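Each protein sequence line maps, in turn, to chains H and R.
Residue numbering for the first sequence follows the numbering used here, starting at 36 and increasing by one per position.
Residue numbering for the second sequence follows the numbering used here, starting at 3 and increasing by one per position.
Hints in this document: simulated from the structure, not taken from any laboratory.
These figures come from a predicted structure and were not determined experimentally.
Do not take every clue at face value.
[What the hints assert, rightly or not] With a straight-line Cα cutoff of 25 Å, these simulated BS3-like cross-link-like pairs (lysine-lysine) come out:
id	chain 1	residue 1	chain 2	residue 2
1	R	K135	H	K166
2	H	K166	R	K240
3	H	K166	R	K205
4	R	K186	R	K81
5	R	K106	H	K62
6	R	K77	H	K62
7	H	K62	R	K54
8	H	K166	R	K157
9	R	K228	H	K166
10	R	K81	R	K183
11	R	K106	H	K79
12	H	K87	R	K113
13	R	K106	H	K166
14	H	K87	H	K113
15	R	K69	H	K62
16	H	K166	R	K69
17	R	K77	H	K166
18	R	K47	H	K62
19	H	K166	R	K236
20	H	K166	R	K225
21	H	K166	R	K113
22	R	K135	R	K113
23	R	K47	H	K79
24	R	K73	H	K62
25	R	K237	H	K166
26	R	K10	H	K166
27	H	K48	R	K7
28	H	K79	R	K135
29	R	K157	H	K48
30	H	K79	R	K157
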Amino acid sequence: MNPFFLLGRGFLKILSDCGGIFLFFLKSLIYSLSPPYRIRLLVKHMEFIGVKSWLVVILTSLFSGMVTAYQVNIALAKVGSQSILGGVVALTLTRELGPVLTAVVVIARAGSAISAELGSMRITEQIDALKIMAVNPIQYLMSPRLWAAIFVLPLLTAIADLVGIAGGYFIGTFLLHIDPGLLTARMIDMVELKDIMSGIIKSIFFGAYLVTVCGYKGFYASGGAEGVGKATTEAVVISTVGILVSDYILTTLFF
Amino acid sequence: MITIKELKKSFDGFEVLKGVNLTIPENKVTFIMGQSGTGKSVLLKHIVGLLKPDSGEIWFENKDITKLSEKELQKVRRKIGFLFQEGALFDSMTVKENVMFPLKEHFKMSKAEMEKVTEELLSAVDLLPAKDKYPSELSGGMKKRAALARTLALKPQIVLFDEPTTGLDPILQVSILELIKNLKEKYNLTCVIVSHDLGLAFKFADYIAFLHGGIIIEIGTPKEIKTSTHEFIKKFIKSALL
């Protein structure tokens with residue numbers, strides 16, 4: 036087959052997916068503004084996306100903070116600037132690692148589940164059944180999930196920041212024997228509110244993005260059980276890559 | 003009454019419906035029959051607006067359903083119920099929760115009232131003992147009855163059945179159709195049933211419509227269909243009686 040044809044078809048598929056995902060996000064958002072307001076579902080999804088993810092987020096961020104401190108210390112030791120270790124670790128976590136790792140953990144744990152659940156509902160005609168019962172399926176299935184992710188991701192990110200910094204602090208003081216007072220002082224000196232807020236704002240965007248992509252892929256799944264598997268894989272890949280790409284773009288916008 | 007005019011629908015260039023014309027009479031049981039893959043379910047899904055036609059009209063209460071927006075369609079769908087082939091029950095809910103779902107969504111009722119209506123509906127389909135079971139714990143026939151109770155919760159005027167007896171043994175097939183017939187009398191329903199089973203259609207239908215080659219080739223009472231001179235119908239009846 037002509038390679039230009041394949042390239043063009045691939046490009047059109049990406050464009051069509053981007054447009055579809057954006058429209059899906061707009062519909063989820065707009066439908067959430069009109070009644071019925073599904074508070075009970077919102078709380079249920081907040082529990083699923085947030086409460087059930089906190090342990091994984093804590094473990095991931097703790098060890099990321101620890102390994103960051105350990106590796107950064109090696110680099111700083113070469114230029115004799117180990118005193119700023121606390122600040123560097125805190126900046127890395129609040130600006131980048133906290134929101135990105137949290138989003139990736141939530142994609143793996145909740146995003147994939149959302150995609151698989153909606154995909155399964157699609158192929159067993161449960162989404163059509165909602166329509167038949169005069170219930171807007173996007174408003175019922177997606178709007179509460181969208182807001183749940185928007186509310187919960189910043190909270191999880193704040194936990195990840197705190198735990199990651201604590202991990203770095205632990206390595207700095209107990210393993211690398213840096214003075215705790217100096218470590219804390221540099222942290223306070225170097226980290227500004229803007230750094231923390233940039234991470235939190237990123238996490239709001241990531242929450243909306245990952246739920247929309249995972250929901251979209253599941254909602255429009257086709258082709259039986261194999262199709263659900265394919266949709267879930269695509270959802271995880273697209274949302275993870277998208278988080279990393281958009282993190283770069285947002286970072287250049289913030290700083 | 004539903005009137006379908008010149009309905010056409012293609013999928014990937016393959017024309018499934020080539021100009022269907024059909025009038026579905028009120029308070030009657032109409033069977034839509036034909037071979038597998040002739041577009042019977044596609045036709046049914048057009049009636050509730052799950053599919054949009056390439057051209058043609060579907061008239062219900064002086065409105066062309068094919069031209070309605072999704073919001074307007076929601077009002078129509080409260081009057082037209084649809085029973086999916088596999089039931090399409092919500093697998094995360096029990097039978098009772100499934101039946102209560104449309105009540106919660108559309109009626110302002112107290113919890114006690116909702117429970118009462120739900121139990122009435124489950125009794126009507128003889129499924130009250132299974133009210134706390136999940137769909138995965140039900141047999142095929144029970145799933146269809148549960149789905150029927152959920153469909154009736156919205157008090158529709160018309161119920162469309164997509165192959166309600168497929169996959170069931172002959173005794174269950176008859177019991178499901180007897181149930182449909184009884185509920186039709188009780189709730190004054192118009193029923194449209196897609197099926198392959200000619201024997202059941204002759205026993206339960208008021209009218210039978212044959213879909214063949216993308217068009218309705220004949221509609222009539224079971225007696226008229228039995229004496230049809232159309233070659234395809236004669237062949238269909240002969241094959242069914244073998």
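Hints, verified against the model:
1. R:K135 - H:K166: holds, 24 Å
2. H:K166 - R:K240: Answer violated: H:K166 to R:K240 is near 39 Å, above 25 Å.
3. H:K166 - R:K205: Given pair H:K166, R:K205 is violated - Cα atoms ~32 Å apart, limit 25 Å.
4. R:K186 - R:K81: OK: R:K186 and R:K81 at ~14 Å, within 25 Å.
5. R:K106 - H:K62: holds, 23 Å
6. R:K77 - H:K62: holds, 20 Å
7. H:K62 - R:K54: Roughly 20 Å separates the two Cα atoms, so the pair holds.
8. H:K166 - R:K157: holds, 16 Å
9. R:K228 - H:K166: violated, 38 Å
10. R:K81 - R:K183: Answer holds: R:K81 to R:K183 is near 18 Å, not above 25 Å.
11. R:K106 - H:K79: holds, 17 Å
12. H:K87 - R:K113: violated, 30 Å
13. R:K106 - H:K166: holds, 15 Å
14. H:K87 - H:K113: Distance of about 42 Å is beyond 25 Å: violated.
15. R:K69 - H:K62: Answer holds: R:K69 to H:K62 is near 21 Å, not above 25 Å.
16. H:K166 - R:K69: Roughly 17 Å between the alpha carbons, so the hint for H:K166 and R:K69 holds.
17. R:K77 - H:K166: Holds, at roughly 11 Å.
18. R:K47 - H:K62: OK: R:K47 and H:K62 at ~23 Å, within 25 Å.
19. H:K166 - R:K236: At roughly 39 Å apart (the allowed maximum being 25 Å), R:K236 and H:K166 break the hint.
20. H:K166 - R:K225: violated, 37 Å
21. H:K166 - R:K113: Holds - the C-alpha atoms of R:K113 and H:K166 are around 24 Å apart, at most 25 Å.
22. R:K135 - R:K113: holds, 20 Å
23. R:K47 - H:K79: violated, 32 Å
24. R:K73 - H:K62: Given pair R:K73, H:K62 holds - Cα atoms ~13 Å apart, limit 25 Å.
25. R:K237 - H:K166: Status violated; Cα separation ~38 Å.
26. R:K10 - H:K166: Given pair R:K10, H:K166 holds - Cα atoms ~22 Å apart, limit 25 Å.
27. H:K48 - R:K7: Given that 25 Å is the threshold and the Cα spacing comes to 36 Å, the pair is violated.
28. H:K79 - R:K135: holds, 22 Å
29. R:K157 - H:K48: The hint is violated at about 43 Å.
30. H:K79 - R:K157: violated, 30 Å
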